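K.L.:
Chains as they are written, first to last, in numbering that gives the first Met the number 0: chain A, 0 to 1034; chain B, 0 to 240.
The hints are simulated quantities; they were obtained by calculation from the structure and are not laboratory data. Warning: the hint list may mix true and false statements.
To be verified - Covered by chain A, according to a simulated footprint, are these stretches of chain B (three or more residues, beta-carbon under 8 Å):
#1 28 to 41
#2 76 to 88
#3 91 to 100
#4 124 to 136
As the list claims (entries may be wrong) - With a Cα cut of at most 25 Å, we get these calculated SDA-like pairs of lysine to any residue:
#5 B:103 with A:97
#6 A:89 with B:169
#7 A:864 with B:239
#8 B:225 with A:959
#9 A:425 with A:414
The model shown is predicted, which means the values in this text are computed figures rather than measured ones. Cβ atoms here follow ideal geometry from the backbone N, Cα and C, with glycine treated the same way.
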Amino acid sequence: MASEWDSSRRDAIGKIASSALRGKAWWRSVGDYADTPEFAKWAQNEFPAMAEELESRPAGPSRRSFLQLMAASAALAGLGLSGCRRPEDKIRPYNAKPNDMVLGKGMYYATTFVMAGKAMGVLAETHEGRPTKIEGNPKHPNSLGATDLFAQASVLDLYDPDRSRNFLHDGRVASRDEFLAFAASLAKQLKETQGNGLAILSEDSASPAVDMLLEHVRKAMPQAVICVYEPFEAAGPKAVYDLSKADVILSLDCDLLGTEDDGARNRQAFAAGRTVDQTQKMNRLYVVEPSCTITGASGDHRFVCPAESVGDWGEYVLAALTGLSTAGAYKQQADAVAADLKAAGPRALVVAGARQPEAVHLLAARINSVLGSQAVTWQQAPAGMISLSDLAKRLASGQAHTLLVLGGNPAYNAPADLDFVALLRKATTSIRLGLYEDETSASCQWHVPAAHYLESWGDARSQDGTVSAIQPMIQPLFGGMVAIELLARLSGFEKTAPYEIARVSMGRLSGGFTEAAWRSYLQEGIAATKDAGHAKATPPGSSRPITHTLLNLPAGAVTVCFALDASVFDGRFANNGWLQECPDPITKLTWDNAALLSPATARQLGVDTGDVVKVELDGRAIEAPVFVLPGTADWSITLPLGYGRKAGGSLATDAGFNAYALRTTASMGFGVGAKVTKTGRTYPLATTQEHWAMDLQKHLPQTADQAAKERAIIREGSSQEFARDPEFARKQGEHAPIRLNIYAAPKLDGANQWGMTIDLNACVGCNACVMACQAENNVPIVGKDEVIRGREMHWMRLDRYFGASADGGDVIISVQPMACQQCEAAPCEPVCPVNATVHSPEGLNEMVYNRCIGTRYCSNNCPYKVRRFNFFDWNKGTIRADTAPTRDGNIQPNPMSGFSKPQSFQAPMQETLKMQTNPNVTVRMRGVMEKCTYCVQRIEMAKIDARAKVGQGSANAVVDGQPAVKVPDGVIQTACQQVCPTRAITFGDVSDPQSKVSQIRTSPRSYEVLEHLNVKPRTRYLARIRNLNPKLSME
Amino acid sequence: MQLKIGPRAGMSLVFPKNSRTIAGAILFGVVALGGLVSLGVTYYFTPKYTRVGYTPLQPVPYSHKIHVVQLGLDCTYCHTNVTEAPPANVPSVNVCMTCHDPLKGNIKGDSPLLAPVREAWKTGQPVSWVRVHKLPDYVYFNHQIHVNRGVSCVDCHGRVDEMVEVRHDQPMSMSWCLDCHRNPETRIRPNNQVTNLAWDASKDWAVMPKYLNADSPLEFARKVAKQSGLKPPTNCSGCHR
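Same shape as in the complex, but just chain A:
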């Protein structure tokens, strides 16, 4: 598909490029927009690539050898009946069971997930000592019970078989004792020299314990220098936003709801300001950005603007606010935005993104102070740190010769002009603590395996000073060490055991240690006292002039924008299979990154999705496959970071391209004047954007009006439309005239009738639900080859649609979570020949794995395309890059993928990965259909608890005149609901008018997807409302 330049596709790109979008409501991809024959064929096939290549599978027996084996074993069974004796199973109980442990029920412990200095309090669910799932800690301000996709996927990292297992000295395996002896002698030497030549390079751990030890280092070794480096963080004082205090928000290229969120705090506050049904009013978000982010998709108005002009945009706003007269490109829009900001006054907020230079941050700070915004506070950057370039200078000059690298991966993600690999090699002594043996480890003398946070003692501070505990769920699986232990040993701290250090740190915080306070700290997860360590700072630069200059770029010059990847972040999650396979929220790409180009620019350059281009910037060059993405700025190319790793695990290595290779100290956010040329080669990209398409009727002959109504899968309106007619959403679709059905109605006599609502006005499309479902329901990953074949297994998918904007700007983006709708008249049920999918009395469309024989009729008949088929025994193997020959030594990469290094599916599954599985959910096998069941395991557990509580006493409810045991509202949370930071998903009993879900279903915005099919889905959606500024709207 990739390099085909058929005329309809070209026309479509042309139309998208010229913004002539009106008349075409919602579309999923360029191919969809163009309605190319290839797209229609792809979309109409349920499973586009069928199982005929079964015999080419590298792992596992082929179909023929399988039959041979079966025949042989049948013969043997007939002879000896040897299979009739069942295997002897052993029960090995605890020697002394912990007192409060109830076997078979999960236990929850509070701990903290830290990523790039952002702390999120979580509860880790453990089963018999195995952490299996992460939930949010309701008491932690950055979580409030919700989490994000990274926290969800972090549990898989714990069990990653590729994690570092050994201490290495110059690449040789060394024992822990050897290292400790070396560390002791080094500590002694450093103490004598007062830390002369010592440099510590740490990732941002946001840990008071680490700060305490660094302080100790400064005291004991005054000559040592310390640097904290995160690849995507603006320097200087840190702005902390409180979106609950903002009614009008202007984002200057800041992905504040996506990768630049503090945990899930911004998403929560943003969505809380959009509960239109209760409050009748909404906040308004303007987004100015060069590329598509989920913040842009969530914005009410989205202005596409090249990265280098975002500052200009801000200046127009400032000028309008301060009464200066301007003229130019952004004037009209900026004036309208400025007027809106001004009207909101202290409840307005302008945020600047980490990609933007300091000038834009100063500009945002200036605008905020002009407005008197109350939604932003400032925090002092920690004192006494040197910058990374400073550290590089010291290393180059030999001033620093003993380097301690705590976490991070500077050899991979430091600016390319620093040539950090050479600097690391230059150090006479270098110690590296890391989860993986990665690029940095390869250039350091010592590599120390790090413990995962679920194996560690420690603590973390959130932006408001809340200190939360990090406590281990399990002994380090691979003997890893914690950063605080390594620091303590090298700095000669009085305590070296991480547990003791965490206690000292906690005591220091609360002004004295008591055992009771410690216990409650561990139980609650957060300390009673806040840490005032980062005192409030004054807004920066209020007195400095703004020195933003307009750029005059030559024609044809391209601006390179660097972006954090929505899946692997800055590269730290590159070996996490769940995140690699989690489709990017906007491009829907899996297992790769791609250079994002606007349709117009792609046409000018003569490239299409999948073409490899050469990007040159300041004498450096990389090659990257193109992905044509509507809604990006022309003559901009967005390069997501985090891929193209050279080491660090078999999934991380060589997946995608490395954009850090272009990124220099001068172009940390974006670089101007790049050259992009076509190479003529193509590269396969696995995007799921056209998979599981529901709107197939459009390929049938029908009138345009009919088509638009039937395809009103995603419905949204403006705030003005909503004010005129709150029920606008219902009228967008075709109403099912008579509630008659060809399918027999199931008997729905259960005490509870389960249903769900998904509020599209709250959903920001952050993918957290996709990851939570994967972790909860043992959903396997399939690898890039199989994603290309359309076999991804996610039960919950996020459908991303492009549409025409009402303000005449570029495309708008809407996102819709889609999982099994639990139809009351489910089309999948009557077509199953073996009754493997049936209806429960509580309205669930049940999937019975042990009955399923894999005809896939149900999936064929499912209008929502939410059923997933196990083409292989995904749970019996591990997706690995093919570094070693597979079992039969016969590697045959998917001819469609054309990998230089194919991925393969290797049996058996790694033992450690098995430890992650949820024991309350069946691990499905090959040949079985599966799908969302509203987390039936959680429902059944809650029902059992409620019924066991009633016992033989009186039931707690009456249903249809009969006593019945009901599960009270709010007791059950589905995994996707629990994780959702925006509270978009509500689950409960729809037969109880008082339940929350019933209340939400009465909203005028509620509608059923594909209502005209009359399958009576139990999941309803609430239409999205764009809070349009009337001055900008074309209505």
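Mind docking chain B on chain A? Use the hints.
P.N.:
Showing chain B alone in chain A's frame:
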């Protein structure tokens, strides 16, 4: 060549005289063999045959009879989780050692039969009991709900209190589960009699306090079922998730 056609000519040239007998014998044989195979499969391949009676040799010849009948221990003394969790846990070694620890209770503290238990206590390596009752992985049986609703241990496990070695007593097939899930009244007894495996409803009802003013155990069960909304699941996800 000309064929001579006589009175007995026709198909008799093709079929021998005893063909009718042979055909009958074959037909009978097929039916009989098929019947035998079906009978064999229904008997030998079903849980009634494959599971019931399974009495593996345990590392320690723990006798439920001594502990329950002679000493009067309640089931939940050792199987502590049974009222609050899906599995009825096998007791951990420290439970055994409350009585059998040579340094504490010292009951049979030097018995060679208890050597594996003492060994486990000393080394920290648990005793490897052999599993008797095993359901397929896709079955999520839950003890908590059964015990709290008044289903006795004896209904599924038999008279464990009289077993010297634990034996698989009931088939535990799906139809066997459904027999009770469809007619729960037949198995409900007062909650305080759940762990009394010797309870004989027909005899003991006469001499025990009348629960819910019921005249018979069955009437009691019906009343309980009605007031507590007892409706065991017969849909798939009740047990398969």
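K.L.:
Against this structure, judge whether each hint is valid.
P.N.:
These are the hints, each one checked on the structure:
no. : hint             : in the structure
1   : 28 to 41         : violated (count 0)
2   : 76 to 88         : holds (count 7)
3   : 91 to 100        : holds (count 3)
4   : 124 to 136       : holds (count 10)
5   : B:103 with A:97  : holds, 20 Å
6   : A:89 with B:169  : holds, 20 Å
7   : A:864 with B:239 : holds, 23 Å
8   : B:225 with A:959 : holds, 13 Å
9   : A:425 with A:414 : holds, 17 Å
Hint 1 from the earlier list is the only one contradicted by this structure; the remaining hints agree with it.
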